[in-house]
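Enquirer: These are the residues of each chain, in order.
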Amino acid sequence: MPRTHITTVINGDETEFLTEDGTSLLNALRDEVGLTGAKEGCGTGDCGACSILVDDRVTCSCLMFAPEADGTTILTVEGLADSGDLHPLQQCFLEGAALQCGICTPGFLMAAKALLDKNPDPTETEIRYALAGNLCRCTGYDKIIRAVQEAALEMRGK
Amino acid sequence: MKYVAPSSVEEATSLLSASPSAQVFAGATDVVPQLRAGRPAPELLVDLKKIEELVSLKSDDNKWTVGAATPTAYLTEDEAFSHEFPGLSEAAGLIGSDQIQNRSSLGGNLCNASPAADSVPAMVVNGVRAVVAGPSGTRVLDVSEVVTGPGQTSLDDDEFIVEFEIDNMPARSGDAYLRMIPRTEMDIAVVGAGARVTLADDGSIEQAALALAAVAPTVIRIPDAEDALVGTTADDATLDAVAAAASEACDPIDDKRGTVAYRKQVAGVLAKRAVLIAIERAEQRNGTN
Amino acid sequence: MAVTEENPGYKWVGTRPIRPDGLEKVTGKARFGADLVLPGMLYGKVVRSPHAHARILSIDTSAAESMEGVKAVITGDDFPDLAANGAHPSDVDVANNTIARDKVLYEGHVVAAVAAITREQAEAAAKAVEVTYEVLPHVLTVDEAMADDAPLLHEGMITKGVDPAPEEPSNIASKILHERGDLEQGFGEADAVVEREFTTKPVHQGYIEPHAAVADSNSDGRANIWCSSQGHFQMRAYTATVLGVSPGTLKVTAAEIGGGFGGKTVIYLEPLAVRPSQRAGRPVKLVMDRDEVFRATGPTSGTRIKVKMGVSKDGKITAAEVWMAYEAGAFAGSPVGAAGMTAIACYDIPNFVVEGYDVVCNKPRVAAYRAPGAPMAAFAVESVLDELARNIEMYAIDIRLANAAVEGTQAAYGPKFPRIGFVETLEAIKDHPNYTTELGPNQGRGVAAGFWFNAGMMSSATVHVNENGTATVVTGSPDIGGSRQSMALMAAEELGIPYESIKPVVADTETVGFNDVTGGSRVTLATGAAVVDACRLIVEDLRARAAKTWDVELDQVEWVDGQAQHVEGAQPPLSLNDLAAKSGRTGGPISANASLNSRGVGAGFSTQLCDVEVDPETGVTRIVRYLTAQDAGRAISPDYVEGQMQGGVVQGIGWALNEEYIHDTEGVMENPSFLDYRMPVASDLPMIDCSIVEVPNPAHPYGVRGVGEVGIVPPMAAVGNAIHDAVNVRMTELPMSPVKVLEALNAHDE
Amino acid sequence: MAQVHFSAGLRELTEGLAQVEVDASTVRGLITALDEMFPGVGDRLSEASSVAIDGEIFTDAEYEPVSENSEVHFLDIFQGG
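Protein sequences appear in the order of chains A, B, C and D.
1 is the number of the first residue of the first sequence in this note's numbering; add one for each residue after it.
1001 is the number of the first residue of the second sequence in this note's numbering; add one for each residue after it.
2001 is the number of the first residue of the third sequence in this note's numbering; add one for each residue after it.
3001 is the number of the first residue of the fourth sequence in this note's numbering; add one for each residue after it.
Everything labelled a hint here was simulated from the structure, so no lab data went into it.
Please note: incorrect hints may appear among the correct ones.
[Claimed, not checked] Straight-line alpha carbon distances no greater than 20 Å define the calculated EDC-like cross-link-like pairs of lysine to aspartate or glutamate that follow:
(1) K1256/B to D2676/C
(2) K1264/B to D2749/C
(3) K2029/C to E95/A
(4) K2308/C to E2189/C
(5) K1256/B to E2743/C
(6) K2416/C to E3036/D
(7) K1256/B to D2664/C
(8) K1049/B to D21/A
(9) K2127/C to E1043/B
(10) K2029/C to E78/A
Turn these sequences into a full structure, and let the hints steer you where they fit.
Expert: Here you go:
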């Protein structure tokens, strides 16, 4: 089957790849582009482990067909740090022990970034609802919520 | 599966007419899980999001127009829209996570034809109209006429919804949507209830609309409850009658998400609560809109 | 906050530095099971049974084999017949669960596997494998399976633990029994007696990472395997058994693991990747979809449990009678044994009978899940105890204090307890502000306690001192919850060098000595003890090298703060860096191994306090406040001790409120997705308050007990007791979903 | 003599006895002695994964020493998660 040529900007770099039309953007990123930071936990948009930003909006990459990405700008967890300097969310997740196994962490970071970009001073409840699309089975969410609060505080201070 | 993203309504309809096994989609938030669950793959995937009018949100003096593929996040983020139709905005904001709401749309939520679609009761009570495009032009349907049964719509295979029209909220009116899910998020409604009321000058209810989701093969209106409300101030006895009418009108199924008895009982509870919120909002708007 | 016998004055143990593997995990670099790509790699796909119970009449693979890109198709016939070879029955079960031979025993049971060049080709080929079944009648619950004329899963299953052995086969794999004293006398002495029957549904571990394995094999059968596993040595052993090869021919590397909770202590995919890889001569990757994870892995047992208990007016439990039946799924081996031992282990009870049955049924074979078996039994026993406390008007905490097991109490399962910290967890709850916070309308408060043994088992560790005085700590225990941090903290403490100078590594099966699975809350205890032993060997070696350098006797050298010091100060100290830099002069590289079979397991106790609010019109329960107090022995890494406590509680809350396997009448799972298998999301929960209790385990160098499991034991009863406190209905079925709570409220009103 | 305790499930093999005294210096010696007293019990005990000696639980305890006054319990198989 002929494959479709896709041009995107991923983590700041113009990136081209070939894909079958029915392939999910998640699988294209992982298999064709070699970015395995986004994870497949469910493939149906229920766990958020595959969350990425597409044109600044947080999206489950498992629910996007790869050709839909043509012409978009994508940010994955691999592009979250600024040339080696961790994003405050990454730093706060580390310092606050907000991860155990770490499989959900890339998705949480991207969803939390989308939240803080939109709402720099969220309440605990707003954080909990904004992250409700991201499942974590290890932490009970407590330390994740605290890490996002901490990162928000730090980002507002800057 | 071949993917195409037409840039005009005409291009889309001609693609659909030419390919009987085509699937239109907007956010694909239902299509992808269904394909994964084993639904036969269509030959053609028609992405409607590149058609300008399908992704838009506008208002004029009389009405709002919402492109059928507009992400529901646009609705909840739009302060004017959310002020005009707080219940519809809330319903849109209940469709899945933030991730989903950046993709899901009113058109997709309606045409997926699930009895449990959150936005549909809120659209029905607001009298939303669907502008449907097909090979021979467009036609306008009341939203309540679109879904005919679980997974079934009145649209032809080569038709799709372009946009929704919603008349501005009248003075002294308010809408509300509530749903019951076991968790706080990320669930399909076990029961959903949308309500809208318009109050008379004396504070009594002049018009009422009540619609329930997930309690019948399609979203249903509850005329008995609406009739019971009109002319009253929604005192306890009236609300009890509303609840009873709502429970009575239900024709639900037992499934993994809830039982018949539960759905009937909770339909009454949510109907009552939704009406009360709608009344409160109507009082707050107090004629000045 | 910590209840402690003494302040040990550690420099690193008990601190909260950044975890060693953290940076890779927040930048997306960490490599999990499905992330590995090898040159020439094929994609595999498994073919599964659509039936709950059926005889396999034939499998036709010819169409699949002829499809484009398909490189191998395998079935059960491609594996040795272990039963015919006289293998141990439990090994036969492992093999037959990995791929069915004559019969499929549950929906999702593997019947074949394919490997092809692309994912899409593999999926198409899997669909093209034609299996002809003769559908058989099935049984889904313990009641159906134990019925007199129930269809049998295994024709030869004779109940173990019954004397004389039954002559007829049944679905009851075994019976367990514990008893002491005289029940009749005990109930005779009681002033209040409560008898209740409880049911619980199978629930899944719910790890976010689906199972994944990559195998690269050759025609000679040797293979490299990368997998997401809680124990790659165990995977090696199981895989070798199923393939009929020597374990030494397999090299297994543990990928980063995306959660396990017991569910990744067993094999599913590894042999199904190795065999096609061997056929094709190319690497094969197999990754499960989420629905495969639900249908064919995991869950823990659904149960039916009857509890009768009596108490005297002063709150002493006089007698307890517990009957329990646990679903094993398709093969023998439910955790009913542990359930029987833990059910009443928190309390000192003079008269009891605990009877349990391990029952097979046509559902996926159960796998370990966090304190396997204990949570369901605790739900039953702690609910009854709550009711007894109300009957005699005693506070829930106080009735537990009145009966609490302490050092010297003879546990219901046999031996006397050494020093334990149960009472301290009860007191920690009483001392916490949550205990006296005022409740609002429709709110209620519940208490429950739990016990878990914790495990020891076998571990190995190797410590290498690098030439600049840093150290590499190598173990074979996959890190599922931050254990590398604990290893580094203990090594830093022992060697006296900074935590940052230690690099903890999880090595493959060829690079480090044997390690049992990461399970049973054992890693910080047992692997930690191996690390401590290896570090102590290093320190001995360093002292000897310093003595050689100074030309003094060994006893003239002490190891203090990361350096060799002369006891009389006659020599300038030699740091680890100094000694490492010149190791060539003093005997060569500095390295030590330690291997052990751990002793001195420290039992874990947890007491929890839950506040709920119930909507009486919809039956929805929300958690308002939650406090967990747990005896960690010593919290080596408090961040990750809290993480284990909070994570265990929230899994328990999910189990309590919404999680369950739902099967249709044909035995097909109806909710194999995260949408309908409702695990808690962030907005469902409050912060989970933790009180780490530290009653050191005297048998461990740092007092560690193990913290991973016991936290999931009390929540279901804590939530149920809180619901009762809020709306006065006693919930006896899990999950306590809105539907069930509203039914109970309606029945109560009538 | 070490005190050996049997769980109720094992008592069918020990003529109903809950406890016996055995002269042995290791767990293996103890199992051998018990098997002589109660034929068949040895296999069952060897299947048990854990042994508690004076309250301390061991896995694969065959060669663990047992002292003069030790209290020994054989435990049913259980698995951690």
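Enquirer: Confirm or reject each hint.
Expert: Evaluation of the provided hints:
1. K1256/B to D2676/C: holds, 8 Å
2. K1264/B to D2749/C: Satisfied, since the Cα-Cα distance of roughly 17 Å is no more than 20 Å.
3. K2029/C to E95/A: Given pair K2029/C, E95/A holds - Cα atoms ~18 Å apart, limit 20 Å.
4. K2308/C to E2189/C: holds, 14 Å
5. K1256/B to E2743/C: Judged against 20 Å, a Cα distance of about 16 Å means the pair holds.
6. K2416/C to E3036/D: violated, 27 Å
7. K1256/B to D2664/C: This hinted pair holds, its Cα atoms lying about 9 Å apart.
8. K1049/B to D21/A: Holds: K1049/B and D21/A sit about 16 Å apart, inside 20 Å.
9. K2127/C to E1043/B: It holds: about 18 Å lies between the C-alpha atoms, which stays within 20 Å.
10. K2029/C to E78/A: Between K2029/C and E78/A the Cα gap is close to 8 Å, so the pair holds against 20 Å.
Comparing the model with each earlier hint shows a violation of hint 6 alone; every other hint is respected.
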